[in-house]
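Chemist: Line order of the protein sequences matches chains A and U. Here numbering that gives the first Met the number 0 is used: the first residue of the first sequence is 0, the next is one more, and so on. Here numbering that gives the first Met the number 0 is used: the first residue of the second sequence is 0, the next is one more, and so on.
Worth flagging that the hints you see were computed from the coordinates, not collected in a lab. These numbers were taken from a predicted model, which means no experiment stands behind them. Cβ coordinates follow ideal geometry from the N, Cα and C atoms, glycine included.
Here are the simulated distance ranges between beta carbons:
no.	chain 1	residue 1	chain 2	residue 2	range
1	U	A30	A	R361	27 to 33 Å
2	U	M46	A	F341	37 to 43 Å
3	A	A348	U	A31	49 to 55 Å
4	U	M46	A	A348	39 to 45 Å
5	A	N108	U	G86	33 to 39 Å
6	A	F341	U	A30	43 to 49 Å
Computed list of chain A residues with no C-beta within reach of chain U, every gap over 10 Å:
no.	residue
7	A7
8	A206
9	K222
10	T240
11	D261
12	A313
13	G346
14	S347
15	R561
16	T563
17	F615
Among chain U residues calculated to face chain A with C-beta under 7 Å, some are:
no.	residue
18	Y33
19	N40
20	A58
21	V59
22	G62
23	L65
24	I66
25	A69
26	F70
27	D77
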Amino acid sequence: MVTAIFLAFVAFIVGLSVQLGRKTKTSSGYYAAGGQIHWFVNGIAFAGDYLSAASFLGICGLIATQGYDGFLYSIGYLAGWVVALFVIAEPLRRLGRYTFADAVDAQFNSKGIQLAAAISTLVVSLCYLIPQMVGAGVLVEPLLGMPHHWGVIMVGGIVMVIVATAGMASTTYVQFLKGGLLIIFSLVLVVAVCWRGLSTSPDQGGAVPFHRHGSITLIVDDKKNITGTTEGSTASEFATTASGEKFVKLQKEGVSRWWRVDMSDGGLPSARETESVVKEAGGARLVNGMPEGPLNKIRQVGSLASIAGNPDCATGPVSPVGLIAAIGSPETKVTRWKESRFTDAEGSAVTVYHPSETDGSRLLRPGMRFKVQGTWLERLDFASLMLGLFLGTAALPHILIRYYTVPGAKEARKSTIVAIAAIGAFYVLTLFMGLGAMTSGVLNPADSNMAAPLLARSFGDLLFAFISAIAFATVLGTVSGLVVAASGAVAHDLADRYLALALSDSSKIMLGKGAALGVGAVGIALGIVFKGMNVTFLVGLAFAVAGSANLPAIIMILFWPRVTSAGIIASITVGMISSLGLIALCPDMWGLYGLPPSQAPVPFSNPGIVSIPLSFITLVMVSLASTKSAQST
Amino acid sequence: MLHEPANRDTAPDSAAGYKSRLGLILFFVYAAMYAGFVVINLTTPAMMEITVLWGINLAVVYGLALILAAFGLALAYDSLCRKREEGR
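Input sequences plus hints: build the corresponding full structure.
Modeler: Below you can see the structure in the form of structure tokens.
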């Protein structure tokens, strides 16, 4: 059913694209849908553009695994729209025609601005494109049983067809459909979660019996060595991770499984049951000590150990407020899952997913992921993230170009308000979807990105099919918008304006479509190369680069009359290079390079708090200096 | 098409200055609320655990309030802009 609904959805989108493509005769039609999109449609399309894989898959997954810290992204992403509405929307619409470069170059007609703005648009679009492509692969793998790279190629191919056939008009209606359906079905999912209520033994409506990961007492010899368990298992091997967690391999009836050792003060130590995957040197995979297969997979996890102090109860239907209050009660315990990796004695790679209980009240405030009570550098990193989210939205190229698809400035304002309503509603729903996934026994401990689709599956195949198809369309729609923005940078900003190639209108459309194919191909390649990278981290990178490179230029052009073209060029260049440079040298990237994160030259991962002010200061100083220089000559 | 400045929205808008000032004021109002949220988290994060309404803690109430405030301010902004545009 999932496959049928997915294919029907894709066929409909491509059909719509071809139909709209017949009406696209001018470059204005290709890049800006002729400026004739209704403001309400454009507002929902804004939501479709913005609610990417990171929002739907990433945030729900983060809330499900990290609690409130995932919701911080929802708050920050939505707050960015306030900047877009109150500061950017109407003035920007009055300035330009197709692209970010048009807007910042409107009063200068400078080759340098055209080049810098086009490169910035390309860089930000590609940064944002990578996580969408990676998200596509993540989604397709479990849904259609295809390898990651085929998922990326499929999304890239479909998007290239969509964009190459009709450009912005097609993209707008795809986004409108996707945005609307995403909000409707998310609401359905939240109603279903509240109707089912909370339970300490969630069984997915009776479909999947709940498995409680319990503890057993370990036996210790005279030398305090663990030898086995009181239930007859024998200890055959031990492992300790870099973070100090201890694991023991217990053997019973020919099956060996890894358990986590929990030391106790004075009494006997105990072992907590885990979910484990062992990748043997020959390629075979063992799940919980047995060969992996259709009947032996990692269990779905995520549950409440107690609700308001009661370890064995179910609430029945609850209100949304009741759901949050029950989970956030100081007496509620939530079972969360952590991943640990090590190599066993035979050289096999072992991944262990192990549970621990956290107070609900602790989980529903910041601190599980972002160390708000940590060192000043860790706090600075949190502040930097919140600043980047706040200022990055209004500078994303695929968002900026949507201001030109409506007839005028007033419509730009109205469509932004519709977008805030739609996006805000969705982000409120993410909290309930994430908490629902956290407590419903549906999480795949190996991949938090699938939290929302798996939550839907716990309510039946039909909802799962629709949610999955919409999630896929989410990726399709966002990638379409990004490809249009990037192709506009190549064909309009670089070829037409910067290089001044004398092209006819039809040639510009052809060049745009060719650029869309090229950008799509690059996106596919990068999506395959970056497989396994954290989707949310990559999106945060794109926000930081956009906020640093683009926002200072836009703001100062609108509100500071002394800005010069040299100031704009310097600001875009410094903002782009400093944000990318800080990210390349940060602890997260150091870990990706296989180096110790603690040795990274830059001690924080979110660059916005440095690169955004730096870009503003550069713009002001260079503008003042270039004005003085012009006056003295 | 090659070197000319980009097209502008040329329709006269006598309310543009008013809307720009209003937008900046509302932006700073919201920015102050957002900054307050970040500062509380950085300085007294335990305060976010305090139950403030219907059994829900300050973190959730403040977070939802930020989302709702964005929409509320947006509606107020649109209403005031339309009044000025219509000359009322």
